[in-house]
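Sequential numbering from 19 applies to the sequence shown in this note's numbering.
None of these hints come from the bench; they were simulated from the model. Glycine included, each C-beta is placed from N, C-alpha and C at the ideal position. Certain hints may be false.
[To be verified] In the EDC-like style, the derived pairs of lysine to aspartate or glutamate whose C-alpha atoms are separated by at most 20 Å in a straight line are:
id	residue 1	residue 2
1	Lys79	Asp20
2	Lys67	Asp25
3	Lys79	Asp110
4	Lys79	Asp109
5	Lys95	Asp78
6	Lys79	Glu97
7	Lys46	Glu97
8	Lys74	Asp25
9	Lys115	Glu97
10	Lys67	Asp78
11	Lys95	Asp85
[To be verified] Simulated DEER-style distance windows between Cβ atoms:
id	residue 1	residue 2	range
12	Thr31	Pro124	42 to 52 Å
13	Ser126	Glu43	49 to 59 Å
14	Thr92	Leu127	50 to 60 Å
15	Phe89	Pro124	24 to 34 Å
16	Asp25	Ser125	51 to 61 Å
17	Glu113	Tyr40	15 to 25 Å
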Amino acid sequence: SDTLKNDLRADATTVSFLSMPYFYETTKRLNSLSETPDSDLEPGQLLLKTYVQRFKYIVDKSYLDEDITNFTITLTKSEQSLFFAGYHAIDDFDEWKKQKDRQLKPSSLLRKRK
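Generate the whole structure from the sequences, applying the supplied hints.
This is the structure in structure tokens:
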């Protein structure tokens with residue numbers, strides 16, 4: 019619809035894709051089937067713009083220390099996977115940083131070479 023197109027052009031991060039779980043796949047297929055001469059963005063450009071905006075927004079949100087429930091319920095399954103990958107990466111990084119005092123020990127194979 020024109021409203022959806024306008025919303026996506028303005029700011030793709032404000033649109034909930036829950037009612038459109040196959041938005042990316044559908045847009046990709048439509049791009050190969052149709053041209054929109056009255057549009058400033060072809061469907062493929064719209065898809066790319068939307069994907070880039072939402073990717074950055076979702077990854078940025080995954081690094082913030084705040085209640086994630088209200089945010090994650092607005093994401094599609096693939097977007098939730100992206101979000102939680104970033105979310106868990108921060109936890110893993112924090113755990114790794116806590117081990118700064120641990121020393122790496124050389125392998126026993128290296129000691130036998132002398």
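query = Regarding the pair Lys67 and Asp25, is the alpha-carbon distance no greater than 20 Å?
reply = The given pair, whose Cα atoms are some 12 Å apart, holds under the 20 Å limit.
ask   = Given a hinted range of 50 to 60 Å, is it respected by the beta-carbon distance of Thr92 and Leu127?
value = With Cβ atoms ~52 Å apart, the hint holds.
request  = Below or equal to 20 Å on CA atoms is what counts here, so check Lys79 against Asp20.
outcome  = Violated, because 28 Å separates the two Cα atoms, which is more than 20 Å.
ask   = So does Ser126 sit 49 to 59 Å from Glu43, Cβ to Cβ?
value = About 52 Å separates the Cβ atoms of Ser126 and Glu43, which means 49 to 59 Å holds.
message = Is 42 to 52 Å respected by the C-beta to C-beta distance linking Thr31 and Pro124?
response = Holds: the Cβ-Cβ distance is about 49 Å, inside 42 to 52 Å.
key: Restraint check for Lys74 with Asp25, where alpha carbons must lie at most 20 Å apart   = Status holds; Cα separation ~17 Å.
key: Pair hint outcome, Lys46 versus Glu97 [Cα-Cα no greater than 20 Å]   = holds (17 Å)
20 Å Cα cutoff - pair Lys115, Glu97 = Violated - the C-alpha atoms of Glu97 and Lys115 are around 27 Å apart, more than 20 Å.
task = Could you tell me whether the CB distance from Asp25 to Ser125 stays inside 51 to 61 Å?
result = holds (57 Å)
request  = Below or equal to 20 Å on CA atoms is what counts here, so check Lys79 against Asp110.
outcome  = holds (17 Å)
key: Hint consistency between Lys79 and Glu97 [alpha-carbon to alpha-carbon, up to 20 Å]   = holds (12 Å)
query = Could one say that the CB atoms of Glu113 and Tyr40 fall in the range 15 to 25 Å?
reply = violated (36 Å)
Checked against the numbered hints above, the structure breaks hints 1, 9, 15, 17 and satisfies the rest.
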